[in-house]
Amino acid sequence: MALSLKMRKRLVPYLFLVPGLLFFLIFQIYPLAKGLQMSFYRWSIMPGKASLFIGLANYLRAFEDPVVGRAFLNTLIYTLVTVPGQMILAMLAALLLHSLPRGRAFFRTVYYLPVITSWVIVSLLIRYLFQSPNGLINYFLVEVFHVISQPIMWYEQARTAFIPILVLGIWKGIGWSMVIYLAALQGIPKELMEVAAIDGASGWQRFWRITLPLLSPTVVFTLVMLLIGGFNVFISVYLITGGGPRQQTEVLLSYTYRQAFDFLDFGYGAALSMLMAVFLITASYLQMRFLRKPVEVYG
Amino acid sequence: MKKSQRPLNRSRVLRLLLLYLLAVAGAAVMVFPFLWMVSNAFKEHVFVIEYPPQLIPTHPSVGNFVRAWTSNNFQLYFTNSAIVALTSTFFTVLFSAMMAYAFARFQFPGREALFFTILLVLMVPDMITIIPKFLLIKTLGLRNSLWGLILVYIAGSTSLNTFLLRGFFEQLPHELEEAMLIDGAGYLTIFLRMILPLSAPALATVTIFSFLGHWDEFTWALTIIDDPLKRTLPIAIYSFQGQHGTEWGLVFAAMIIALIPVLIIFIALQRYFVSGITAGAVKG
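Going down the list, the protein sequences come from chains A and B.
Residue 14 is where the first sequence starts when you use the numbering used here, and the numbers rise one by one after that.
Residue 980 is where the second sequence starts when you use the numbering used here, and the numbers rise one by one after that.
These are calculated hints, taken from the structure and not from any lab test.
Some hints here could point you the wrong way.
Claimed, not checked - Below, computed lysine to any residue pairings styled on SDA-like, alpha-carbon distance capped at 25 Å: (1) K22/A <-> F1094/B; (2) K47/A <-> L1119/B; (3) K47/A <-> T295/A; (4) K22/A <-> M1159/B; (5) K1022/B <-> R1046/B; (6) K203/A <-> R115/A; (7) K1117/B <-> A46/A; (8) K22/A <-> L1160/B; (9) K47/A <-> F85/A; (10) K203/A <-> W184/A; (11) K19/A <-> R1145/B; (12) K47/A <-> F1094/B; (13) K1022/B <-> F153/A; (14) K47/A <-> R1046/B; (15) K1117/B <-> L1201/B; (16) K47/A <-> R1122/B.
Just chain A, with the same shape it has in the complex:
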């Protein structure tokens, strides 16, 4: 009896793992391997027509493709603008709500609204607001605030076409980081702040010397998640500019998607995906190692 119990205990975990693992192997691991294989081929989508092994040609092409460079740069700009933008505004919002004696939950709900709204809805909404010449943003800039005298044709130039995408990236994300910061702020002992205040520390000093160091694991966590999110930008680009004008606002995922499903170049699309996967896995591995220390200190 004791032996059979032991045997059962040994077998049972695998039985619980089976359904989830099957999905994991079929729809996660297999596609990764298949994608790697495809990236070495001029992949044929015609049934009966064989794909041609071309070695590293897809990868070499990626390094010479000017649009890939543009897309990489745009992805980088998106990440470097929206990640600090979200974090700083979210921190300010969290500090603000934290200092409100009443109504915190109400404002938290309101600030979180853009987060729960789907990317499709907010992207189309932002595209509409930035329409030219008679969109609402232009109306505000020209008629209400008199910042500019002529409406901006947002989507006609690469420089301005990316702005709605950046604005959306920041606006939609503030609530998420804010909720996390707010919860962390509530975990800081009040006595600590009171003692510091009695010792004559100003609000500014208390923030830099007490609040921020205590929040640092939380801040690092949001940083990592937002960086990964930044490199995942796709739907907003696809729906707001479609990568235009002249592929100038393309990001890595939108260009990869276009290669595969517009130009039907599956091999090249797979190679671009693999390059991104390598980049992201390396980055998250480094972050995990870099992250470990502060988290342990905190927990």
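Put chain B on the given structure of chain A with help from the hints.
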């Protein structure tokens, strides 16, 4: 005493007033695009963009909502979305809980390596494998099928939820489990009668987030669904916008209809949102 207290109180009131003003200003920025969407949804037959824009419609009408709801198979899309989101959420939660149970409560060879592999793959965005997944689904004959969405949604969200639930399951007391074992209960009974009931809040959080994720999913559905009868709401809204590109009022009405279930879930189950978002964060 009194003399020195009065200006202090006044500055405190002023400070609070300023803080609330700032909070309201922030809220206005967050809500304004939605207000604008609602306002335009109530304007019927606005084919060109009005200039200057009007926030309050002069002749508000629910015509757009009626047209959106009754035209273009919209109710079918709503049903498709509900079927896909409910089915994939049910299996996601079930499979994640089962995996999390194995990882949290058992010692077995390969446990650490397997868990690490799942975490590593979790770092790879779903879109990275979208091309081979498309071919796979095509080979399985599941293009233009709701099952093609459901299977991939389950696979895509099981890893993350396994990770979240494992953390919760690990904290459950071992004594109860041992007592049940002594009473002759099997592991399935323990899973169903002890682990799941005790984890209700965590399961609720995972369920809500999975449901919303599946309800809103756009990219994969865009990739494998061409058949207009198999569209889900995000795809329907996207193509709606393509067809009625100048009738934004109609498009906005469709968006609001799609947004209503999300808002209801969000407002009714808000405490699970906060705990869900902070679960992974505050504790590292």
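Right, here's what the structure says about each hint:
A threshold of 25 Å between alpha carbons decides the hint, and for K22/A with F1094/B the separation of about 19 Å falls inside it, so the pair holds. Restraint check for K47/A and L1119/B: the C-alpha separation of about 15 Å stays at or below 25 Å, so the hint holds. A C-alpha spacing of about 20 Å is found between K47/A and T295/A, which places the hinted pair at or below 25 Å, so the restraint holds. Under the criterion of a C-alpha separation no larger than 25 Å, the hint pairing K22/A with M1159/B is consistent with the structure, at around 14 Å.
Taken as a hint, the K1022/B and R1046/B pair is honoured in the structure, with Cα atoms around 12 Å apart against an allowance of 25 Å. Taken as a hint, the K203/A and R115/A pair is honoured in the structure, with Cα atoms around 17 Å apart against an allowance of 25 Å. Note on K1117/B and A46/A: the hinted pairing holds, with a Cα-Cα distance of about 17 Å set against a maximum of 25 Å. Between K22/A and L1160/B, the direct Cα distance comes to roughly 11 Å. Compliance with the 25 Å bound is thereby established for this hinted pair.
At roughly 24 Å between alpha-carbon atoms, K47/A and F85/A fall within 25 Å of each other, so this suggested pair holds. For the proposed pair K203/A and W184/A, the alpha carbon gap of about 31 Å is over 25 Å, so the pair is violated. Annotation: proposed proximity of K19/A to R1145/B holds, straight-line Cα distance about 23 Å (limit 25 Å). For the proposed pair K47/A and F1094/B, the alpha carbon gap of about 22 Å is at most 25 Å, so the pair holds.
Of the pairs offered as hints, the one joining K1022/B and F153/A holds, with about 20 Å between alpha carbons and a cut-off of 25 Å not exceeded. With a C-alpha separation of about 45 Å, the suggested pairing of K47/A with R1046/B is violated against the 25 Å cut-off. Note on K1117/B and L1201/B: the hinted pairing holds, with a Cα-Cα distance of about 14 Å set against a maximum of 25 Å. Under the criterion of a C-alpha separation no larger than 25 Å, the hint pairing K47/A with R1122/B is consistent with the structure, at around 18 Å.
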